[in-house]
Amino acid sequence: MSLKPFLFATLAALALALPACEDLFWEEEMQGTPTETFDFLWNKVDRQYAFFDVKQVDWQQVYDSLRPKVSDDISDDSLFHLMGRMLNTLNDGHANLISPFDLSYSDAVYRKMEQQKNVDKQVVNLHYLHIADDHYHKTGGIAHHELRNGTIAYWSYSSFEGKADSATLSYLTQHYAQAKGIVLDLRQNKGGYIANVWNLLNLLPNDGQVLYRTQIKSGAGHEAFGPLKEVRAPKRSVSYGNYQKPVMVLVDRGSYSATSFFALCTKAYAHVQLIGDTTGGGLGLPNGGQLPNGWIYRFSLTRTLSPKGMNYENGVPPDHYLRLDPKATAQGKDNLIEYACDLIENQTSMEAASRK
Amino acid sequence: MKNLRAFLLPLCLSFFTLTGFAQSAISLQLTSRNGLGADRLYEQGASPLHYSGLALQWAGETDFQWKRCRILQSCDLSASMGFNAKSDAIAYGLTVESATAFLYLWHSGKDGDFRLWGGGSIDEYLHITYLPDLMNASFSMSDFLSLCACFTTEYDFGFRKSDGRRPFSVFGSLCLPFAGIALRPGFPYMDNYNDNPYQLNFLADTYSLHGIALSGVSTSTGIACTLSNRNRIGISYDWSYRSSGHKGVYRFDHARHLLALHLSMNLLYRTR
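As given, the protein sequences belong to chains A and B, one line each in that order. Take the first sequence: its letters are residues 6 to 361, numbered as in the working numbering. Take the second sequence: its letters are residues 3 to 274, numbered as in the working numbering.
There may be inaccurate statements among the hints.
Covered stretches of chain B, as calculated for chain A (at least 3 residues, CB under 8 Å) [said to hold, decoys possible]:
| id | region |
| --- | --- |
| 1 | 56 to 67 |
| 2 | 123 to 137 |
Over 12 Å on every C-beta distance to chain A, these chain B residues come out as not near it, computed from the model [stated by the list, open to error]:
| id | residue |
| --- | --- |
| 3 | Thr-102 |
| 4 | Ser-164 |
| 5 | His-212 |
Since the hints were derived computationally from the structure, they do not count as laboratory data. Given the structure is predicted, the values throughout are model-derived calculations rather than measurements. Glycine residues also receive a C-beta, built at the ideal position from the N, C-alpha and C atoms.
Taking the hints into account, I'd like the entire structure generated from these sequences.
Listed below in structure tokens is the structure:
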């Protein structure tokens with residue numbers, strides 16, 4: 006018998022039959038039942054969440070209390086509510102559950118942001134940014150105005166999602182080149198694109214100083230982390246860089262995520278000072294994924310430590326603690342901005358005196 | 003004068019080399035392969051769901067034959083868009099695959115109508131998954147470098163032409179990546195942190211290499227017609243499957259079913 010029909014038939018049959026057997030190679034897709042979905046998320050958090058030590062949460066106890074309430078005939082609404090409650094026990098603004106019909110967020114974090122607000126936006130907009138006086142300026146995502154007869158620059162950056170690229174910062178530094186310093190208002194800035202943090206940091210002189218240290222959750226245990234990495238000030242030559250004059254950064258409990266991140270980095274610069282309240286925190290890198298029923302989750306799986314090893318996940322403390330004075334706001338004054346301006350003027354006059 | 007000599011010398015050398023090859027039973031074919039079909043993706047680090055959708059492929063291949071030896075060099079780019087019934091999220095995929103195969107003619111009928119080639123190949127397979135709806139889990143990369151066992155068979159049929167050749171041929175091939183290394187992320191990572199070189203290092207550190215056996219399989223079956231100028235036109239059904247398996251990393255599976263159109267240009271004719 007000739008070999009060739011046999012060989013040809015064998016190879017051709019394999020080439021056609023293997024694709025038909027493809028399902029044998031694949032893992033079976035999860036069904037997405039409520040119990041499966043609940044367990045999937047609990048396990049993901051258990052293995053990957055980075056802040057069990059800081060948040061002091063007994064994750065097993067959370068499972069034991071909520072899991073009995075989940076059954077496969079539970080409604081989507083009820084399941085979402087239960088799983089949202091599970092994530093909210095972490096008190097983490099970066100822990101969210103997203104479904105086509107709802108978004109869960111940590112009510113405790115947002116309550117703190119709102120109740121401990123340290124800014125009156127109306128006062129800032131009317132009396133410092135002059136929004137109603139036809140003198141309002143906004144470059145990229147930064148609203149700005151001069152203070153104290155043009156001697157101080159006031160920049161209000163309300164979200165790190167707003168543009169703060171090199172063109173924006175080049176314009177602003179040139180525009181306020183004669184100012185003695187900058188008041189950078191980040192109160193109620195709830196974060197955004199981390200790339201803008203690096204853009205702002207490029208404004209400052211860098212000597213390769215350590216800004217923070219970071220670790221990624223790497224194993225199943227709650228304290229299983231990868232190696233600690235030092236992150237240093239970016240070495241980039243930008244036209245607006247090397248700003249040596251005083252920079253006063255205003256923060257409050259609403260300064261969250263990327264803003265807290267920036268606040269932590271400012272600690273590495275002697276001429277930059279934080280004024281106001283402790284920030285909202287949120288220094289972990291949130292990482293998301295999908296659940297077996299198609300919903301989306303996210304939570305932090307890295308932790309960020311100060312160069313000295315402090316974990317500021319619950320908030321970066323200011324250098325000058327100052328609460329908003331209601332009497333001052335009633336008179337159209339923001340005592341934090343005024344305090345920051347005073348600091349800049351004092352520092353400038355002290356420097357001038359020491360030079361003499 | 004110098005410029006003229008610089009131009010003519012390589013030209014003459016190329017001519018003599020090519021005519022020399024032609025005299026020594028060499029053929030060289032250049033093939034473009036364009037496919038359309040279905041794609042299926044499983045990126046466990048980002049989602050426990052399978053994404054199925056459309057795939058488009060563009061590929062180029064050179065086929066160099068000398069006596070009973072054959073060297074195939076191919077480069078394949080494909081793009082895909084996958085969906086899942088349980089959510090509105092879309093999974094985008096980009097695959098770049100390049101392979102160099104060394105084949106030997108194991109069996110050839112008396113009249114040369116049936117040919118069975120066997121040998122090995124080095125295959126580089128890079129897949130990038132982009133799931134923009136999954137915040138910060140949107141991007142992941144899988145890379146496989148494999149040694150493969152490859153078998154190809156061709157059978158010519160139809161009326162014989164004056165030069166003794168038959169115009170039609172059916173073909174089939176099977177390729178098994180039996181050993182290799184795979185690069186996979188510790189977890190799928192994200193978009194806006196990669197603006198900083200330190201973060202890039204941080205991301206790169208989450209990727210790890212591991213050895214892998216039998217990371218997939220690819221097959222092709224088709225039919226081709228050889229034109230009078232010895233160029234070829236063909237159509238094939240191609241299937242490929244890749245998997246990282248469970249190796250302490252998030253599992254990655256990717257399969258493609260493509261209907262591909264082949265257009266081959268015969269650059270050098272092989273004398274029989």
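Could you work out which of the previously given hints the structure breaks and list their numbers from low to high? 1
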